[in-house]
Amino acid sequence: MLHTANLEALTRTGFVENNTKAYTTPNHKITQGSHRDMTVQAANAKQQENKEFDQMLVERAQQGDKRAFGLLVEKYHRKLGRLLSRMIRDQAEVEDVVQESFIKAYRALHSFRGDSAFYTWLYRIGINTAKNYLVSLGRKPQVMQDVEIEDVENFDEGTDMRTMETPETSLMTKEIAQTVNDAIAALPEELRTAITLRELEGLSYEDIANVMQCPIGTVRSRIFRARETIATKLRPLLDTPQHKRW
Amino acid sequence: MKQQLSALVDGEVDVERCEHIFLAAKSTGEVAQAWRDYHVIRDVIRDDCWVESEMTSRIMAQLDDEPTMLAPQAMAAADKVTHIRPRLSKYSWSIAASVAAAFFVGMFVLNQPEVTATMQIADNDTDEYVVAHHNYAPNSATYYMHNVAYNAGE
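Chains as they are written, first to last, in the working numbering: chain A, 1 to 246; chain B, 1001 to 1154.
In case anyone wonders, no lab produced these hints; they're calculated from the structure.
Worth double-checking, as some hints may not be accurate.
Claimed, not checked - The calculated BS3-like cross-link candidates involving lysine-lysine, where the alpha carbons are at most 30 Å apart (straight line), are:
hint	chain 1	residue 1	chain 2	residue 2
1	A	66	B	1002
2	A	66	A	51
3	B	1002	A	131
4	A	131	A	233
5	A	104	A	131
6	A	51	A	233
7	A	51	B	1002
8	A	233	A	174
9	A	51	A	104
10	A	131	A	51
11	A	174	A	131
12	B	1002	A	233
What the hints assert, rightly or not - If you want the footprint, here are the derived chain A segments under chain B, 3+ residues with CB under 8 Å:
hint	stretch
13	64 to 73
14	100 to 107
15	125 to 138
16	175 to 188
17	199 to 207
Owing to the predicted nature of the structure, the values given are computational and were not obtained by experimental measurement.
Where is the CB? At the ideal position from N, CA and C, for every residue including glycine.
Okay, chain A solo, but in the shape it has when bound (with noise of 0.2 Å):
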């Protein structure tokens, strides 16, 4: 499930759909049915994305270094985080479960062999552990036949999960996306449709240079800059002391 509640957003403040437009022609037009090609594809595309690199850093950090598990763990902890506050209630205890977690990988990652991807073993390893961690509180979760292991193979953003969020941890969020959003709608053209084609709709920089019609190479630059210009606005709140990186 690719269209997420934010890309209906997008979609409704016109950041698809024009831009989409934007780029249509009579040799390069985007009906419907090649649209769920490509949305196929970049499902697949999603799936292998970075699973690679995901694996040397695997294999870096097999081999004692702690510095290449902590990209993984700044790559994963939020989409860990979000699928494990569907079944801890409480933002606090997310945090301790998804931290216990992390730690549990970290301690096991001599048994992974690379026979999945990274982020569906480490989230068979989050299930399990929040789990235990409602068992040994006497709890029964309220959620947790809604998650279960098959879950995590086809777990994606865009599925319904809604994160429990303190009042605190909310407004932080919502001043994020805010930000992130409003910077995208402040883009150039170019810009605001590489990196959504990119990011909503995960199409590989290939796909994306046929519907714009221009070079990978002006792609990759295009994504690159749009990144860069959106990390402008959100580093002033990224650097908070909460934020701040290890």
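Based on these hints, arrange chain B on the given structure of chain A.
Below, chain B alone, put in the same frame as chain A:
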């Protein structure tokens, strides 16, 4: 560098060529900061933002207390270094084999009967041998063959 990192985040860079990006990303510089920023942006755009308080730093602080891991894969990599020993052993065996061969050849030579004795036997037997086998000679040259002691004139 950051543009390459951006492409790497999208899986659009050959992993075998990203060692320098990896080294920069795990440092504390702006490339490392970009690693965080690009993933936060992605998570927000994909409606996957989950705000934590110092989560990464908390985990990394706890990892500092964990013993450094050396998984089997890493051990295998380390074994590649120790494989130098067998290579040295091969040379050692070659040298040892050469020495042993030289020893046996030397022993064989030293245990041979003295040369003078061998020649005496040859001197004594040659006449009888030539006479007994002259019929098998291709011509009559053997009739003219005489056994002459090399020291006959002394």
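To see whether the hints hold, each was checked on the structure:
1. Restraint check for residue 66 of chain A and residue 1002 of chain B: the C-alpha separation of about 22 Å stays at or below 30 Å, so the hint holds.
2. Among the hinted pairs, residue 66 of chain A with residue 51 of chain A is consistent with the structure: their alpha-carbon atoms are about 19 Å apart, no more than 30 Å.
3. Between residue 1002 of chain B and residue 131 of chain A the CA atoms are separated by roughly 39 Å; this puts the pair beyond 30 Å, and the hint is violated.
4. Taking the CA atoms of residue 131 of chain A and residue 233 of chain A, the gap is about 38 Å. The hint is violated against a cut of 30 Å.
5. Straight-line distance between C-alpha atoms of residue 104 of chain A and residue 131 of chain A comes to about 14 Å, which keeps the hinted pair within the 30 Å bound.
6. As the CA atoms of residue 51 of chain A and residue 233 of chain A are separated by approximately 29 Å, the hinted pair is consistent with the 30 Å bound.
7. Distance check on the hinted pair: residue 51 of chain A and residue 1002 of chain B sit about 20 Å apart at the alpha-carbon level, within 30 Å; holds.
8. A C-alpha spacing of about 14 Å is found between residue 233 of chain A and residue 174 of chain A, which places the hinted pair at or below 30 Å, so the restraint holds.
9. A threshold of 30 Å between alpha carbons decides the hint, and for residue 51 of chain A with residue 104 of chain A the separation of about 21 Å falls inside it, so the pair holds.
10. For the proposed pair residue 131 of chain A and residue 51 of chain A, the alpha carbon gap of about 27 Å is at most 30 Å, so the pair holds.
11. With a C-alpha separation of about 29 Å, the suggested pair residue 174 of chain A and residue 131 of chain A falls inside the 30 Å cut-off, and the hint holds.
12. The suggested pairing of residue 1002 of chain B with residue 233 of chain A holds, with an alpha-carbon distance near 17 Å, which does not exceed 30 Å.
13. With 9 residues having a Cβ less than 8 Å from any Cβ of chain B, the stretch 64 to 73 of chain A passes the three-residue criterion, so the hint holds.
14. A stretch counts as covered by a chain when three or more of its residues have a beta carbon under 8 Å from one of that chain; for the stretch 100 to 107 of chain A and chain B the count is 4, and the coverage holds.
15. Under the rule that three or more residues need a Cβ within less than 8 Å of chain B, the assignment of the stretch 125 to 138 of chain A is violated, with 0 such residues.
16. Residue count for the stretch 175 to 188 of chain A with a Cβ under 8 Å from a Cβ of chain B: 5. That meets the three needed, and the coverage hint holds.
17. A stretch counts as covered by a chain when three or more of its residues have a beta carbon under 8 Å from one of that chain; for the stretch 199 to 207 of chain A and chain B the count is 4, and the coverage holds.
This entry does not satisfy hints 3, 4 and 15, going by the numbered hints stated previously.
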